[in-house]
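Those protein sequence lines, which keep their order, are chains A and B. Quick note: the first sequence uses the working numbering, first residue 166, plus one each step. Quick note: the second sequence uses the working numbering, first residue 592, plus one each step.
Since the hints were made in silico from the structure, they are not lab data. By construction, the Cβ of each residue, glycine as well, lies at the ideal position given by its N, Cα and C atoms. There may be inaccurate statements among the hints.
[What the hints assert, rightly or not] In silico lysine-lysine, DSBU-like type, Cα no more than 35 Å apart, as pairs: (1) Lys842(A) x Lys733(B); (2) Lys733(B) x Lys596(B); (3) Lys844(A) x Lys765(B); (4) Lys765(B) x Lys1026(A); (5) Lys940(A) x Lys733(B); (6) Lys1026(A) x Lys836(B); (7) Lys842(A) x Lys732(B); (8) Lys686(B) x Lys1043(A).
[Unchecked claim] Computed footprint of chain A on chain B; a stretch qualifies when at least three of its residues, placed anywhere within it, have a C-beta under 8 Å from a C-beta of chain A: (9) 742 to 750; (10) 759 to 766; (11) 799 to 808.
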Amino acid sequence: MNKKRKIGIGFKITSGYIILILCLVVSAVVLNNQITSLQQERNAIIKYDSSMRVMSNNLERKIVNLESSLHRYLITNNEKYLDKYNDEVATWEANYEELNNLVNNYSTGENQLAPIYNSINNWVNNIGQPLLNAIIREDSDQINTLFNGELSSVAISEVQQNFTAFRTTETENIQQHVSLLNDRNADLTYGLFAILSLIAIITIVIFTMISRNIAGSIDEVTEAIEDMNKTDGKNRKRIVAKTNDEVRDLVDATNMLLATMENRQWFQRNLAEIVTAYQGVHSLDELGEVLLNSLTTRTQSVYGAFYIQDVRNTNQFNKIAAFAETGDDVGRQSFMVGQGFVGQSVKEKRVLSYENKENSFHYLETALGNIPISNGIIVPVFFGNDVIAVLELASLKKYNEHHRALIKEVVVHLGVTINSIIGRMEVIRLLNESQAMTEELQVQSEELQTQSEELKMQTEELTTINERLEERTRDAETKTHALEKAQIELKESAEQLRQSSNYKSEFLANMSHELRTPLNSILILSEMLAENHDNRLSDDDLEYAKVIHDSGEDLLNLINDILDLSKVEAGKMDLWFREMDVYEIPQHVHNLFSPIAKQKDLDLNVDVAQNMVEIFHTDVKRFHQILNNLLSNALKFTEQGSVNVKVELAQVTPTMKQISDTWLSISVTDTGIGIPKDKQQLVFESFQQADGATVRKYGGTGLGLSICREVVKLLGGWITLRSTEGEGSTFTVCLPSLPDGNISTLISEQEVAFTDASPALPVPVTPPKTIFDEKHILIVDDDYRNIYALRQALEQKGVHVLEATNGLECLNILQTATRVDAVLMDIMMPEMDGYETMQRIRYDLQLTELPIIALTAKAMKQDRDRAFEVGASDYISKPLNLDQLFSVLTVWLTSRERLKNG
Amino acid sequence: MDKKKLEVSLLLEALYSLSGFDFRQYNQQSILRRIEHRMRINNIPTISRLTESIIYNEELLNMLLNDFSINVTEMFRDPSFFRALRENIIPQLQKLEKIRIWHAGCATGEEVYSMAILLQEEGLLDRTVMYATDMNESVLKKAQQGAFPLQKMQAYTKNYILSGGTEGFSQYYKTDNSYASFHPYLRENIMFAQHNLVTDQSFQEFDVIICRNVLIYFSPELQHDVHRLFYDSLAHNGFLGLGDKETLQFTPLAPKYRTISASERIYQKKL
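Turn these sequences into a full structure, and let the hints guide you.
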């Protein structure tokens, strides 16, 4: 910076003030002089004016006194007046000279006193002196002439006139002079204002210059300082000082501050960037990479290498990252403490830098050739007091202070970072290990659970098997006892049976005889009556006779049916197996049923399948009985449409093959009223039709299908029904061909099957042994109608039903009953409600495993939740749905398998 | 041990070639235990012998495949998980017009039906489409039937009650002698399909993905792949439900989810 001779701001301001004061002083002096001279002049004029008047008046009066003294002397002749006159003649000239001097001193112009002098002198010489002389000589003439004549007074008045003229002239002169002075005074006032204005302008100019000079520079400085905060510290403009004073110092200082700030910001920004860059780093390799990349670019290094202390051998440092602008790998892989320059740095624990201008240690390969690198810095990284890593950088240029500071500062933070990364890596490694172990454990536990579940299932199965075995053993024992007892009873009852069978047969034989005999009479007689041989009967009578005959025949059929049924049930049906020609079936059907079909306008079709066996062995009479029964039913219940008979070979299953190779399937399909699903089982029961209305409408005994079923069973087959209400029914009979009539191996248990619309396999009519068999269920409800309904439903399934109408009864039963498999628990009951009852069952009776199914009204969610709280196993809502009830009971009666949460 | 590893890897290669099922990245210890289990049962002395056997014996191959796909599942397994679903997830699903749920690794379908019941009770079943997938076709068939052994139903009922079920559990099934069959309307909106988490890709975007107790059998790498698959298959703000022994923690995708329930392993994909 140019340190010329400098003029300070203080100096500038002082000079300004001094100039100002000088101006003021000069102008004050000048003005004062002016004013003083004016004053003097004015004083002179005033003095002159008064002196002149006094003197001229004195002179004038003296002249007058001369005359009067002369007069008085003349009159009185007193010497005193003569002396006075002489005295005055002697002095007037001196007075005149005095006045003349005054006037001459004052004015430069023409002396106006000369005429006065002349006139006085004239009077003195021409009048006074002769007169005096005359008086002394007493020359009266002369005295008269001179005295009484006009001569003296003319001369005196001339003197007086001259005086007046003189004074007038002088007064005019003085007036003139005064007005001149006034003009000068005015000029002086203007001059004063002019000087003041000039000083004001000079002041303004000086101070404007100074302030502009100072304030302008300070503004620039302020702006620059404010900019420091705004700009990001790059390319900040410098302030140029225009003056050479303290402001220049300020500007220089500010510029230095700017430079320092920029350096510091560069330093901090880079430091922050580098530190931020390796904050998210998880591995040392990555750290080295990041560190070298960021440091080399910022310090314009061309080579860099980063070494970390070996984990096992603390004397060895291994390279984990290297940087070379050429992209090559540089630096040795590892070094020992004390080995070489870098090893020395570690050993001495200090920063080493080298400058080798002459003999470059390394050449940088570029496209242009090899460029020597001559500057390097080796910085050890500390953690605590130990060197844990070393950083080496090399550059083509010398590292400046900032670069060194940055490198050192980065390295200060680096130690902690490296340590924490090593720690973190260790944590991650341990975490991964433990995670792997945890996962392994989890898998094993899951598998163990699987295996334990498998084991549990096996145990459960074993327990079940065991239980069954025990039960069987018990059963066997009981049965042995019962058997012994039964044997005795059997003997007795066999005897009784034989007797009663005999009685029954006898009774039936008797009955048939006894019933038929009178019936025959009725039939024959009514028929005869109806023939009306003598024509004696009226039409009504004939009608009655016909009704009697028809009723009798119905009765006879009924009796025959009853006999048949009782014979079958008593095992007394005689069967005669013989050959039957299958192709005769259509003929048989048409012969018997075409008339009725025609009468009801129904189509009757009989279809015998092709490839049919011709000969079929069965009891032909019974076969026809079955067929007739089914066909008459079909025709009876069909109002319109058709009745189809289909004869074909049945599919033979292995079980069926044990009985016969050939099975016949005869199905009778009608388009009649059909049978509702819930009634399908009933139609095979004795004396049952779909409902009472049907009986009234179609008549019939309702025995036909029961007989069919029994007869089919006797013939070794079964009958199935498929029907949809309103659309029609299909009865299918399956019969085996039995040439030798051996029916001992028949599947006697095969019974009529019911299926709904779906074509499923025949399911045995008697329900299989279900989960409900022999189960004991306790119903707790205060409403006997509910109990009744539940009892009905459950007993149908084979359940033993116990009942209680309140909680107390329930508890009593549970304590005394030998066996209760499940409880159906109503909530609202007198005495003790369902909640309390359940609680007592669980806590007082300790029946924690007993299934209790709570019955609550559907809308009451809180009831349901409370039921679960007090220990209900499950719940169903009222009104009850039987399917749901059975489902729930099935679940809770099934021996359970516990899950891990169970 | 190294030889054993070789044997196992050869067996798994053979299995992959024969069946297309890729167990090569499964948890080796678990796989080894399953193999040894099968060897004990069938009295096969070495793993190599087993490899040979499965090449020529398809029945054994299928048995081994069944052994590998561990199908432990229950209805409302971990009731607290379903309670958390009901309390935390359902209210958010209520806002959706159409809900898509994926049960990955559904096994025999117990959880799918549980979910269907839950949705039915929350009034969401009609607007939900559920995809139930498993790599094992035979368990899928079972799942499709929706019939579960009677012996387990008591425990399921308890689970159902604990999970916060609002109805009587029995109204959802009908029993026969050995099974409780769930009502067909529950499965009207369920699509059962074969899908292999190891080899197959994402096939839709879902609002909820449930994959419980499947990932624990996978190696960490495979788990990451599957997590990526789930992440890609989830809609924004979609939910991921894992098994009680599985967690998103420590996986690279963890920051992309927020935890809805740490204890029940329910996570939500961040926007």
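Verification of the hints:
no.	hint	in the structure
1	Lys842(A) x Lys733(B)	31 Å, holds
2	Lys733(B) x Lys596(B)	34 Å, holds
3	Lys844(A) x Lys765(B)	23 Å, holds
4	Lys765(B) x Lys1026(A)	23 Å, holds
5	Lys940(A) x Lys733(B)	31 Å, holds
6	Lys1026(A) x Lys836(B)	34 Å, holds
7	Lys842(A) x Lys732(B)	32 Å, holds
8	Lys686(B) x Lys1043(A)	33 Å, holds
9	742 to 750	holds (count 9)
10	759 to 766	holds (count 7)
11	799 to 808	holds (count 3)
Consistency with the previously given hints is maintained throughout, with no hint failing.
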